[in-house]
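Engineer: Chains as they are written, first to last, in our numbering: chain F, 1 to 192; chain A, 1 to 284.
Be aware that a few hints might be false.
Pairs of lysine-lysine residues, derived as DSS-like cross-links and limited to a Cα-Cα distance of at most 25 angstroms, are as follows [to be verified]:
(1) A:LYS116 with A:LYS162
(2) A:LYS162 with F:LYS172
(3) F:LYS32 with F:LYS139
(4) A:LYS162 with F:LYS187
(5) A:LYS162 with F:LYS53
(6) A:LYS76 with F:LYS91
(7) F:LYS189 with A:LYS76
(8) F:LYS139 with A:LYS272
Hints in this document: simulated from the structure, not taken from any laboratory.
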Amino acid sequence: MSPHNPEKAREQQVFVTVGTTTFDGLIGAVLKPSIISLLHTQGYTSICIQHGKSAEIYQACRTPELEAELLKCEMSITAFAYADSEEITNKIKLAELVICHAGSGTILDCLRYQKRIIAVPNTTLMENHQAELADEMSKQQYVVKGSLKSIARAIERSATYPYRHFPRMGSKVFTEILEDELDKVDKDKMYG
Amino acid sequence: MSEGFCGVYEEPPVTAILLAESSTMMRFIISIVLALLIIFIFGAVRVLAILPVRRPTHITEITQSSRIVEITTPAKSHVLFILGSGGHTAEMFNMIQNLSPETVTHRTYVFSSGDKHSAQRAESFEATSYGNLVAVASRERKERPGSIGYRLVEIPRARAVKQSLLTSPFTCLLCLIRCLGVVRGEDMRSFPKQMRELWRGMEFPDVVVCNGPATAVILVFAIYIYKFFGMCNTRVIYIESFARVTTLSLSGKLLLPLADRFLVQWPQLAEKYHGAEHRGFLVS
Numbered sequence: 001m002s003p004h005n006p007e008k009a010r011e012q013q014v015f016v017t018v019g020t021t022t023f024d025g026l027i028g029a030v031l032k033p034s035i036i037s038l039l040h041t042q043g044y045t046s047i048c049i050q051h052g053k054s055a056e057i058y059q060a061c062r063t064p065e066l067e068a069e070l071l072k073c074e075m076s077i078t079a080f081a082y083a084d085s086e087e088i089t090n091k092i093k094l095a096e097l098v099i100c101h102a103g104s105g106t107i108l109d110c111l112r113y114q115k116r117i118i119a120v121p122n123t124t125l126m127e128n129h130q131a132e133l134a135d136e137m138s139k140q141q142y143v144v145k146g147s148l149k150s151i152a153r154a155i156e157r158s159a160t161y162p163y164r165h166f167p168r169m170g171s172k173v174f175t176e177i178l179e180d181e182l183d184k185v186d187k188d189k190m191y192g
Numbered sequence: 001m002s003e004g005f006c007g008v009y010e011e012p013p014v015t016a017i018l019l020a021e022s023s024t025m026m027r028f029i030i031s032i033v034l035a036l037l038i039i040f041i042f043g044a045v046r047v048l049a050i051l052p053v054r055r056p057t058h059i060t061e062i063t064q065s066s067r068i069v070e071i072t073t074p075a076k077s078h079v080l081f082i083l084g085s086g087g088h089t090a091e092m093f094n095m096i097q098n099l100s101p102e103t104v105t106h107r108t109y110v111f112s113s114g115d116k117h118s119a120q121r122a123e124s125f126e127a128t129s130y131g132n133l134v135a136v137a138s139r140e141r142k143e144r145p146g147s148i149g150y151r152l153v154e155i156p157r158a159r160a161v162k163q164s165l166l167t168s169p170f171t172c173l174l175c176l177i178r179c180l181g182v183v184r185g186e187d188m189r190s191f192p193k194q195m196r197e198l199w200r201g202m203e204f205p206d207v208v209v210c211n212g213p214a215t216a217v218i219l220v221f222a223i224y225i226y227k228f229f230g231m232c233n234t235r236v237i238y239i240e241s242f243a244r245v246t247t248l249s250l251s252g253k254l255l256l257p258l259a260d261r262f263l264v265q266w267p268q269l270a271e272k273y274h275g276a277e278h279r280g281f282l283v284s
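If we strip away everything but chain A, and leave its shape as in the complex, we get:
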């Protein structure tokens, strides 16, 4: 085979063998490069396909009419809320104070490890907003949205406050692994049996709502890994903090191309960053 290939050169046999060897090496390298290129192109096309396309805000009238569909669709929905630290958590619960348990039947709250305050806020929010519903449901022994309960999960911090840059890739990876588990609903195995039944088929969240923390970036990244393989079509809503008037936060900048809805609370930001949407204040 090598003779046939190198015969055209009509050179002494020793060189021919050397040439033949180097050409098989070359072919091997080229095929590897080609394979990688093809994988890269497929990957890039896939990523482009799953990245959100945000249309200008004025088309909202069309999306409004889609509400008619709502009546016929199954009313089950799973929303995952990512809680940050103090200010972010307060803003989150401020925004979702009017959310009815009929709209969002399955609720997951994610908080960073050690942030007991956010976990408590989630518990008290559930107890005061939806607590009555749970009580009613158990009394009537009927399956009501409230009896589904809620899910509260802890995720290791992507980066501690004073952590060195050297170890942060490692903690980010730990965080990502945990996020991959949470998005898939791994922790649901430890649910009580009745609750596990009610959460079956609802493992992947329909919508993720986040407003700031670094953990949010990692969790959204985890969602994109699943999206890449077509395992979920979760939509991401990001809300920039009310405190941000003229510049986006770091999390905001990172999530700007990844979020399906990117909401800012000051018009200056919507003008400055393409794809940011301003619908007035979302806190009150």
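Okay, chain F solo, but in the shape it has when bound:
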């Protein structure tokens, strides 16, 4: 293949998102020279980070070693704190790989655009069921479940992982149920 092949020339973006929660650990785990070089070997050319409240962690992670690795790999990096849901959806659409917290909203967004997902449960949150959701979703092969310690392994797995498509019937099933209930109400009205 020639280097001017459009497929190759296209930007291959990794999107890292923590949603509206605070998830310092994920930012720290991704922004490591070893992870950057791994992403580079897998063909990714840019990385976009939505860090929420972890702006300081993000700055602290950009050490000289990381900068050197980014330069060496010609990997471009962008970051922002928050964006509205449309903007986040756009970022997901643009990305090839999404590394995210295991929030249901973010996971569903990624599934809709059939992206490679690495869901990392945020275990620091109380009263949260991210771990359960990530477990179950990975059991059903919709996502790759990652942990802060094994991000590298999760990225390696995601490259060849046989991701399943999430069913798109949900809304139809719900509409049927609602119609059924409306029918019952109508019958109640007619026959008392």
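Please build the complex by placing chain A on the supplied structure of chain F, with the hints as guidance.
Structural biologist: Chain A only, in chain F's frame:
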């Protein structure tokens, strides 16, 4: 009268009078207790009568055939959607994205006070999904389902995020009072005249759809108060969040006996909780 009653005891008159007094007291207390008991029994029977009876899922074939009736019934229907905070609201609009305005002609969205995000989502959903219909209706000057518009109401929060337990009964009561008004369609008085005409007779919702927030529990409770007095026969659909895999949320646990349809999105929950129904994922 007291003599006749106490005569059998054949005791000195002073004691007889005392006894007579205490026995009228006793009779009064007993009659009060009996009255309360009767009210309680009637109340309990009424509550049992209005509580939903959920049949196993496999009977759906029978309910399917009821669709034939649909053609002859008036096509008006009023559904009330309760919007929670961020994640719940997103899931709600995800689920109802395919709903046609012909199926649900009158739509009410309820959001908690201060939750501007949910209100905006409702407005943009109406504008993008049904907005065209409104435009067409006004151009042709015909009564189309879309011209009915939609209703967006704000309800004070049952409990703020960091509110103390001491004041929460008070805020819950405020919330309940507002919910009672909303279910009855009190706020419809402020509708523009034409819209008010179109909503006449549609005050009570036919179906309530909710998926989580604490406000939902209060609103469903308000509906049950009206049901108790036979003023409405609203049906309640509860959908547990996609994020709940192995345990129900607090709202879910409270609404499990009250909802006519209790839908969970993971089979584990349907096995664990009696009455929960699993029809696969409802989000997509």
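Engineer: Failing hints, ascending?
Structural biologist: Failing hints, ascending: 2, 3, 4 and 6.
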